[in-house]
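Student: Use the sequences and the hints to build the structure in full.
Per my numbering, the very first residue in the sequence shown carries number 2; after that it's consecutive.
Quick caveat, the hints were computed from the structure, so don't treat them as lab data.
Just so you know, these numbers come straight off a predicted model, no measurement behind them.
Incorrect hints may have been included.
Unchecked claim - Here are the simulated DSSO-like cross-link-like pairs (lysine-lysine), alpha carbons at most 30 Å apart as the crow flies:
#, residue 1, residue 2
1, Lys328, Lys377
2, Lys417, Lys377
3, Lys328, Lys66
4, Lys304, Lys66
5, Lys377, Lys337
6, Lys234, Lys21
7, Lys337, Lys66
8, Lys236, Lys328
9, Lys301, Lys377
10, Lys337, Lys360
11, Lys230, Lys66
12, Lys337, Lys304
13, Lys21, Lys66
14, Lys21, Lys236
15, Lys21, Lys230
16, Lys229, Lys21
17, Lys360, Lys417
18, Lys417, Lys337
19, Lys301, Lys337
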Amino acid sequence: MDVGPRQATIETDVPAITSKGQVLEAIREHFRMSLRHWVKFSHRPARFFNFGQAIVILVTPSFAKWLEDDVLFIPRILQLITHPWKDPWALHVGKKSRGAKPVQGPTGPPFEIDVVCACVDGLAPNPSGIRLGQGRYSREGISLLHGRTGQIISGVWEDEPTTTEDSPSMQSSLTFSKSPIPDLREAKETRQTPSNVTLPLANTLFTNGRHSTLLVSRWQAMPDGQFKKIRSKEKRNQVINVFHSHLEGVPSTYVPAVPLTPIRRIVSGLGNIIRQLHFADDGPGPASRELEPTLDEYMKAMKLPISNIGVWALIIPLEALPDSPPKPPFDILTNKEDVQRFWQERIVNPRFIGYWLDKGATFCRVVSGGGGWGAKQGLLSLDPQTTYRTISEARFDYTGGSIEEHQASALGDIAKPNSFIQFFAMEGKNASPVRLTDPQPRRSPMDDRYRLHTVLGTVPSTVDQTPQRPRKRPKSPKYETFRARWWRRRRLGLKTGSPNWKDNVIFRSGHFGAVSESGLYLDFAKKYSKKDATVSEQDIVETKIDFPYSYVCRDHRLGEGDKLREKFVPLGASMKQIGRRLERSKRRGFKS
Numbered sequence: 002m003d004v005g006p007r008q009a010t011i012e013t014d015v016p017a018i019t020s021k022g023q024v025l026e027a028i029r030e031h032f033r034m035s036l037r038h039w040v041k042f043s044h045r046p047a048r049f050f051n052f053g054q055a056i057v058i059l060v061t062p063s064f065a066k067w068l069e070d071d072v073l074f075i076p077r078i079l080q081l082i083t084h085p086w087k088d089p090w091a092l093h094v095g096k097k098s099r100g101a102k103p104v105q106g107p108t109g110p111p112f113e114i115d116v117v118c119a120c121v122d123g124l125a126p127n128p129s130g131i132r133l134g135q136g137r138y139s140r141e142g143i144s145l146l147h148g149r150t151g152q153i154i155s156g157v158w159e160d161e162p163t164t165t166e167d168s169p170s171m172q173s174s175l176t177f178s179k180s181p182i183p184d185l186r187e188a189k190e191t192r193q194t195p196s197n198v199t200l201p202l203a204n205t206l207f208t209n210g211r212h213s214t215l216l217v218s219r220w221q222a223m224p225d226g227q228f229k230k231i232r233s234k235e236k237r238n239q240v241i242n243v244f245h246s247h248l249e250g251v252p253s254t255y256v257p258a259v260p261l262t263p264i265r266r267i268v269s270g271l272g273n274i275i276r277q278l279h280f281a282d283d284g285p286g287p288a289s290r291e292l293e294p295t296l297d298e299y300m301k302a303m304k305l306p307i308s309n310i311g312v313w314a315l316i317i318p319l320e321a322l323p324d325s326p327p328k329p330p331f332d333i334l335t336n337k338e339d340v341q342r343f344w345q346e347r348i349v350n351p352r353f354i355g356y357w358l359d360k361g362a363t364f365c366r367v368v369s370g371g372g373g374w375g376a377k378q379g380l381l382s383l384d385p386q387t388t389y390r391t392i393s394e395a396r397f398d399y400t401g402g403s404i405e406e407h408q409a410s411a412l413g414d415i416a417k418p419n420s421f422i423q424f425f426a427m428e429g430k431n432a433s434p435v436r437l438t439d440p441q442p443r444r445s446p447m448d449d450r451y452r453l454h455t456v457l458g459t460v461p462s463t464v465d466q467t468p469q470r471p472r473k474r475p476k477s478p479k480y481e482t483f484r485a486r487w488w489r490r491r492r493l494g495l496k497t498g499s500p501n502w503k504d505n506v507i508f509r510s511g512h513f514g515a516v517s518e519s520g521l522y523l524d525f526a527k528k529y530s531k532k533d534a535t536v537s538e539q540d541i542v543e544t545k546i547d548f549p550y551s552y553v554c555r556d557h558r559l560g561e562g563d564k565l566r567e568k569f570v571p572l573g574a575s576m577k578q579i580g581r582r583l584e585r586s587k588r589r590g591f592k593s
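Tutor: Here's what the structure looks like:
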């Protein structure tokens with residue numbers, strides 16, 4: 002039986018008092034496989050060592066130094082999640098494994114596993130917690146993804162393109178995709194193209210001396226029961242395969258943006274500069290003519306203090322508009338009264354932006370504009386960065402073509418005339434919270450226990466925030482002597498975990514993800530209604546999402562067998578145990 006990747010997240014409220022022993026104990030108790038499940042996970046006992054395995058370890062900055070611990074932390078995790086020294090043949094035929102000596106496969110080399118370690122800005126909430134994500138800080142901890150190499154990572158040891166080396170100041174990144182990662186511009190023959198989501202990593206310069214941390218290594222099981230690192234390198238980008246059930250379009254996207262203005266048609270624009278918009282009965286006018294007074298009205302309606310607030314723009318190309326108007330809650334707002342109704346009722350549809358991204362729209366931040374006089378009156382400048390690549394300096398090579406064409410090439414081609422634009426804002430810190438209306442069917446938060454979900458998101462930057470005083474370690478013997486007790490119990494071969502690890506550590510099975518302060522970069526092909534449609538360069542959508550507390554999710558329900566094995570019973574339990582647990586769960590009201 003083929004078993005898919007496993008994933009889990011370990012969260013902590015107080016990183017200062019969280020030890021490696023507590024995290025390892027949580028992994029040992031909840032993420033360790035039984036021997037029989039390990040054989041199934043390895044797919045074929047006869048070729049046990051021919052299937053490479055990999056694990057992805059994401060940590061927050063408080064735990065960045067743990068990724069460099071090649072003596073205790075990384076090897077111990079590998080020992081807890083694998084059984085390379087057990088005889089797979091004996092387990093396969095139902096016999097007990099004898100001894101702990103390493104067993105080489107019939108024709109293969111010793112067991113090896115690839116490890117990808119990265120430091121992210123924070124951990125993402127689970128899908129049921131996204132509604133509560135507005136106004137909350139990201140959590141600290143560790144997120145794990147374990148599976149076969151071909152399932153969860155791509156090109157781990159391939160040479161990286163030289164273009165990424167041209168900008169050493171850029172932080173490393175992770176690209177979340179489906180195996181293998183495609184070059185969408187070369188996908189001329191197929192309509193099925195997966196999404197690519199690039200997440201920049203955290204700045205760890207003041208933590209471990211690296212501008213960002215992305216380390217890959219290969220470990221080999223040794224005869225003495227330990228793991229030895231045989232290969233390692235530092236990378237600029239790594240592909241993680243998580244969209245296994247998603248083939249095209251953008252994944253489920255949650256953007257809690259509050260509409261500011263009705264949708265308007267772009268009359269004049271060039272590159273990333275919008276000059277004029279068409280304001281219904283008032284005709285064409287400066288782009289910021291409606292936005293500037295609307296911001297004042299919005300802050301009064303939301304009871305916000307007079308200050309600068311972020312403004313974003315949703316740009317919908319003319320060809321992205323459907324023949325018939327979309328039904329609520331994805332319909333387009335065309336008058337000011339409908340917009341103000343959202344302010345009064347404080348209702349936001351977080352899937353609205355994602356719906357139009359699927360159609361080919363672009364979502365970007367308004368970086369400057371307003372005011373001025375003459376030809377520059379009311380201009381709006383949009384963020385031209387849509388991919389996580391270095392933006393070359395605007396320069397003009399007089400080798401043919403007009404200056405306008407070269408400028409549009411250098412600054413992007415976002416503000417196309419005849420496209421439609423609508424402005425959005427984020428909820429203020431001091432405003433009363435808005436209600437998020439999700440058009441998808443609701444489910445109980447307990448249902449997350451029976452699902453696998455990957456969540457990628459964005460949080461506000463903390464660069465300009467005043468650092469808070471770290472919480473002191475409590476003067477208690479159970480924390481002061483934990484490290485010494487851990488080593489003493491390890492030497493004696495006793496249980497090394499803290500008996501109180503659950504007081505400080507939360508284990509979330511089936512959850513994997515991270516958030517970034519630098520935004521997310523989406524690269525995907527638009528959805529099609531025709532089955533014979535092919536992908537061309539015009540069908541590729543590239544956009545950046547840096548709206549705070551926005552999330553991209555991949556969520557699917559576990560199969561009945563996976564649900565029983567992973568949630569109701571310990572791995573490797575007998576069929577009698579499975580039956581008893583299933584009957585008990587049905588009596589409690591569980592429905593498959």
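Student: Confirm or reject each hint.
Tutor: Checked hints:
1. Lys328 / Lys377: 38 Å, violated
2. Lys417 / Lys377: 18 Å, holds
3. Lys328 / Lys66: 51 Å, violated
4. Lys304 / Lys66: Violated, because 43 Å separates the two Cα atoms, which is more than 30 Å.
5. Lys377 / Lys337: Holds, at roughly 26 Å.
6. Lys234 / Lys21: Roughly 24 Å separates the two Cα atoms, so the pair holds.
7. Lys337 / Lys66: 52 Å, violated
8. Lys236 / Lys328: Judged against 30 Å, a Cα distance of about 46 Å means the pair is violated.
9. Lys301 / Lys377: Roughly 28 Å between the alpha carbons, so the hint for lysine 301 and lysine 377 holds.
10. Lys337 / Lys360: Judged against 30 Å, a Cα distance of about 24 Å means the pair holds.
11. Lys230 / Lys66: 17 Å, holds
12. Lys337 / Lys304: Distance of about 19 Å is within 30 Å: holds.
13. Lys21 / Lys66: 11 Å, holds
14. Lys21 / Lys236: Distance ~25 Å between lysine 21 and lysine 236 Cα, so the pair holds.
15. Lys21 / Lys230: 20 Å, holds
16. Lys229 / Lys21: 19 Å, holds
17. Lys360 / Lys417: 16 Å, holds
18. Lys417 / Lys337: Answer holds: lysine 417 to lysine 337 is near 24 Å, not above 30 Å.
19. Lys301 / Lys337: 16 Å, holds
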